[in-house]
Amino acid sequence: MGWLSMEDIIAKLIRLGLKEYEARVYATLVIIGPAKASDIAKESGVPRPRVYDVLKELHRKGFVEISEGSPTYFRAVDPEKVIATLRDEYIRSAEEVIIMLKSYQRERQEEWLPVWYLQGEWSVKNRVEELASRAEREFVAAFMDLKLALKFRKAFENAKSRGITPIILFITKTRCYESHLNELGKVYFIPLSKILEGEPRDFMEAVARALFSTKERYIVKGLFIRDSQESILVYEEGGLKGLMVKISFIPVIQREVIEYYLRKT
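Oh and the sequence shown: position 259 is 276 in the working numbering, straight run, nothing missing.
These aren't lab readings, by the way, just hints derived from the structure by calculation.
Misleading hints may appear alongside valid ones.
Distance condition first, Cα-Cα at most 25 Å in a straight line; then the derived SDA-like pairs of lysine to any residue [as the list claims (entries may be wrong)]:
| hint | residue 1 | residue 2 |
| --- | --- | --- |
| 1 | 168 | 236 |
| 2 | 238 | 119 |
| 3 | 36 | 74 |
| 4 | 78 | 23 |
| 5 | 263 | 245 |
| 6 | 119 | 144 |
| 7 | 281 | 206 |
| 8 | 203 | 191 |
| 9 | 29 | 144 |
| 10 | 164 | 191 |
| 11 | 258 | 281 |
| 12 | 142 | 121 |
| 13 | 164 | 131 |
| 14 | 142 | 238 |
| 15 | 238 | 137 |
| 16 | 203 | 119 |
| 17 | 164 | 130 |
| 18 | 29 | 69 |
| 19 | 142 | 253 |
| 20 | 258 | 165 |
| 21 | 142 | 236 |
| 22 | 142 | 199 |
| 23 | 29 | 119 |
The model shown is predicted, which means the values in this text are computed figures rather than measured ones.
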């Protein structure tokens with residue numbers, strides 16, 4: 018990693034809890050060493066009338082030391098000690114906020130909302146991992162993207178930690194990454210052409226064609242099903258998105274489609 022610029026350092030100090038002028042003054046003192054207020058103002062870009070107040074506040078926090086005299090000099094306390102203090106305070110504040118927010122939560126029966134839209138890879142992965150953590154009997158997945166499956170490794174590990182061997186169907190033209198994929202669970206492969214060829218002959222084939230079509234705007238990349246009760250459909254539309262469904266008959270149908278093609282592998 019390259020050297021951080023002064024602005025990068027200031028931004029990180031602000032993120033840790035210092036105000037902008039405090040971050041500028043402290044960073045400047047670390048770099049230039051003991052200095053007079055006038056020099057600090059010049060080097061930091063903080064207006065001179067504000068420098069004394071900022072130095073006073075940093076001294077109160079224990080981040081700056083003062084040598085009284087004519088003129089008065091200021092120096093920064095060791096950055097390792099200051100950053101450790103800021104880090105500990107940041108973590109403590111975060112923990113306190115969590116406790117406070119939870120304590121204010123009202124006990125209520127949440128409105129039953131059966132469908133949720135998920136935006137972005139982080140959100141999708143987080144929800145899939147939670148889904149696997151709630152599995153009681155089985156955790157089933159289907160993918161049209163082999164590499165995408167590896168991104169959900171933690172979800173499969175969550176299922177395994179509950180004594181469940183994930184069932185994974187790959188709908189693909191190739192079996193690359195097979196050695197890595199086998200680590201995720203019990204793996205099956207079926208060519209996409211086998212699903213899309215010809216006219217559908219029964220209900221399951223019709224549903225599968227609709228589900229795994231590559232001609233739609235929303236291209237399905239993966240599907241996760243927990244205990245035939247809840248599912249998350251992962252699709253591509255300007256980025257990774259998801260559709261979480263708790264209407265039981267939909268996960269049941271999705272699970273039956275996968276089972277239909279598992280019997281054909």
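Do the hints match the structure? See the list:
Proposed proximity of residue 168 and residue 236 is supported: the alpha carbons are some 18 Å apart, at most 25 Å. For a cut-off of 25 Å, the pair hint linking residue 238 to residue 119 is broken: about 36 Å separates their Cα positions. With a C-alpha separation of about 11 Å, the suggested pairing of residue 36 with residue 74 holds against the 25 Å cut-off. Our distance criterion of 25 Å between C-alpha atoms is met by residue 78 and residue 23, whose separation comes to about 22 Å.
Distance hint between residue 263 and residue 245 is fulfilled; the C-alpha atoms sit about 10 Å from each other, no more than 25 Å. The hinted pair formed by residue 119 and residue 144 meets the criterion: a straight-line CA distance of about 20 Å does not exceed 25 Å. For the proposed pair residue 281 and residue 206, the alpha carbon gap of about 10 Å is at most 25 Å, so the pair holds. For the suggested pair residue 203 and residue 191, the alpha carbons sit about 17 Å apart, so the restraint of at most 25 Å is met.
For a cut-off of 25 Å, the pair hint linking residue 29 to residue 144 is broken: about 30 Å separates their Cα positions. Proposed proximity of residue 164 and residue 191 is supported: the alpha carbons are some 12 Å apart, at most 25 Å. The straight-line distance between the Cα atoms of residue 258 and residue 281 is roughly 29 Å, outside the 25 Å bound, and the hint therefore fails. About 28 Å separates the Cα atoms of residue 142 and residue 121, which puts this hinted pair outside 25 Å; it is violated.
Restraint check for residue 164 and residue 131: not satisfied, since their Cα atoms lie roughly 29 Å apart, outside the 25 Å limit. Taken as a hint, the residue 142 and residue 238 pair is honoured in the structure, with Cα atoms around 13 Å apart against an allowance of 25 Å. Proposed proximity of residue 238 and residue 137 is supported: the alpha carbons are some 14 Å apart, at most 25 Å. Of the pairs offered as hints, the one joining residue 203 and residue 119 is violated, with about 39 Å between alpha carbons and a cut-off of 25 Å exceeded.
Restraint check for residue 164 and residue 130: the C-alpha separation of about 32 Å exceeds 25 Å, so the hint is violated. Distance restraint check for residue 29 and residue 69: the Cα-Cα separation of roughly 23 Å lies within the 25 Å cut-off, and the hinted pair is therefore satisfied. Using a Cα cut-off of 25 Å, the hinted pair residue 142 and residue 253 holds, with the two alpha carbons roughly 14 Å apart. Using a Cα cut-off of 25 Å, the hinted pair residue 258 and residue 165 holds, with the two alpha carbons roughly 13 Å apart.
Of the supplied pair hints, the one linking residue 142 and residue 236 holds, its CA atoms being roughly 17 Å apart against a limit of 25 Å. Simply put, residue 142 and residue 199 have alpha-carbon atoms about 20 Å apart, close enough for the 25 Å limit, and the pair holds. Only pairs whose Cα atoms come within 25 Å are accepted, and residue 29 paired with residue 119 is rejected, the gap being roughly 28 Å.
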